[in-house]
Amino acid sequence: MRELFHEIASTLRNNKLRTALTGFAVSWGIFLLICLLGAGNGLMNSFMGNMEDYISQSITVEGWRTSKPYAGYQEGRIIQLDQQDIRYTKGTQWEGIIENVSSSTTSQSATLSLNGKTVNGWLMGVMPDYMEQQKLKLAAGRFINPADIRENGKVIVISAAQAKELLPGEPAGIIGKWINLGAIPFRVVGVYHTDERDYRRTTPVPYSTYKVIYDSSDKIESITFNVNGPQTLEQHQAFEKAYGSGIKRLHSIAPDDNRGIWINNGYTDNMQMNKASRLIRRALWILGILTLISGIVGVSNIMLITVKERTHEFGIRKAIGARPGEILKLIIAESITITAIFGYIGMFIGMVACQIMDKTVGQRAVDLGVEKIQMLVNPTVGLDIALEATLLLIIAGTLAGAIPAWKAARVKPIEALRAE
Amino acid sequence: MLIELKGVHKTYNNGQPLHVLKGIDLNIEKGEFVSIMGASGSGKSTLLNILGILDNYDEGTYHLAGTLIKDLSERQAADYRNRMIGFVFQSFNLISFKTAVENVELPLYYQGVSRKERHAKAMEYLEKLGLTDWSHHFPNEMSGGQKQRVAIARALITQPQIILADEPTGALDSKTSVEVMQLLKRLNQEDGITIIVVTHESGVANETDKIIHIKDGIIGEIEENTRHTAWDGPMMK
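Residue numbers (this note's numbering), protein chains in the order written: chain A, 1 to 420; chain B, 1 to 237.
Quick caveat, the hints were computed from the structure, so don't treat them as lab data. We put the CB at the ideal spot given by N, CA and C, even for glycine. Check the hints yourself; a few may be wrong.
Stated by the list, open to error - Okay, the calculated beta carbon distance ranges per label pair: (1) A:ILE356 <-> B:SER91: 24 to 30 Å; (2) B:ASP232 <-> A:ALA9: 35 to 41 Å; (3) B:ARG115 <-> A:ARG18: 25 to 31 Å; (4) A:ASN301 <-> B:ASP232: 55 to 61 Å; (5) A:ARG18 <-> B:SER91: 24 to 30 Å.
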């Protein structure tokens, strides 16, 4: 092995300019590949990072507006979910599949006030599971608990943004304070975390409290639950169809009306996002590899010239006992060496470029008015990509060297000795 | 019998078929110092290539040290060349980017001998040929005679059955030619190495013990020349 590298080093030394020019094409290809993948990762991290805050592993069902006339009803009817839907969801036919069923009441806007300061909120009666299902993160205090539900407690959870407007300072400062919703005082038990790009204004109160004070009907706004069983996208779609048909029957919605109810499936949203990110990543790899191909063709070309120039030398080697395989090995190893050395230079520069990208564009957030989005989050490539790229380089080097090496190995020694 | 050729024919098919060797019968014993003489186009180079397993033949048989050399794969041919034959060429055929000692080592590299061992052996042979001081020089830093001695060291290092020298003095001046032929003679006498020299120079052939004349693809006269009286002029014209 050491011999082989010694041999290769001496030939490369003898052809410095040529080696450098060839190597540049490979470096450039790998550099672009790494930059593309880095930027792609950054975009995806940003996209996924922003989405992850909202997508939970649960399914939420809400009433919507029908789009087809059915059973004597006109189209355009607004569907209102109620307790019978909960009973259906909790029913025996879904036992083992649907769990943690919770619901939220209808909702209404409200004005929260404290010491003369006011802020808008969106009042909703919820169950304790709501926090997990909506991916709320507490900044202070606690969320509504089963005791609040049982006792119809006049407690409320507000967002950090609302807390700040009502009482400047740390969110914890408002815990325990009584704020007025219209004329009714509620005690703040928790503040959930929001950042500048967050526009949520929902102010959850206990489900039972809301029912008593604001809406004594059995109407509900949404049903949220976890499922156990469906794994693939197809299974989820089949589940949604089967589950949805029951709800449709309860509300006399046409079986083929896709608008009557809205099923928001967090599981499949995640799957589709993962699928999208896989597709993006694959597209970037393909682009990068296409760029790299020009570099590989360059190496192959140079190796062909090298082989032609060194035909006489190969004749000598064969005459003194080099097997064809030795010649083959020599050329392919040389090709891999050129590709690998310059590939690594390109990879290194590419990674530096990714770091620069991270420090500049990556730190900038784009203001979309309602929220701010960081365009690139950590636009760098990991060790896995470095390893994959190494593998790619070795394959590329082998491919680039294959035809020239085969030509060199095949030439007859007397013909090779005759060549000048 | 070290070399035994029986009815060897060779035809080149480059457009027009060219019948180069028309039934060669040749025996060479171990320890002989032989020259093959002939004009250009007589088939002597083809014969040498066949003897050196660089080329194949169409008919007949060729036994080298008891082994039938026929229809070998490239790989087998390479192994036989490596272990049984040492080549000395007219144009030296040293690898330009390798030093003298690296050139001499190369056949052992293809045998898989360790770096240390082959280096020691190469130095030993260079010393034998008086080139110790030149071992780390590149071929373009050496004279023709020195280069040919490096080539001879490379041919000797695997301790082959035969040394095949193709016009070994062809690129050398007369003084150096004499030195090289004397070196080959000494290797034959002192170490008992079988040497076959191909030449068209009568003076060079006269240095050998047996002269095989080849003409139009067949063996002509075989001169016994142990007294070196085949030529009375100077060795080089």
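>> Under the constraints set out in the numbered hints, which ones does this structure not fulfil?
In response: The structure breaks hints 1, 2; every other hint is satisfied.
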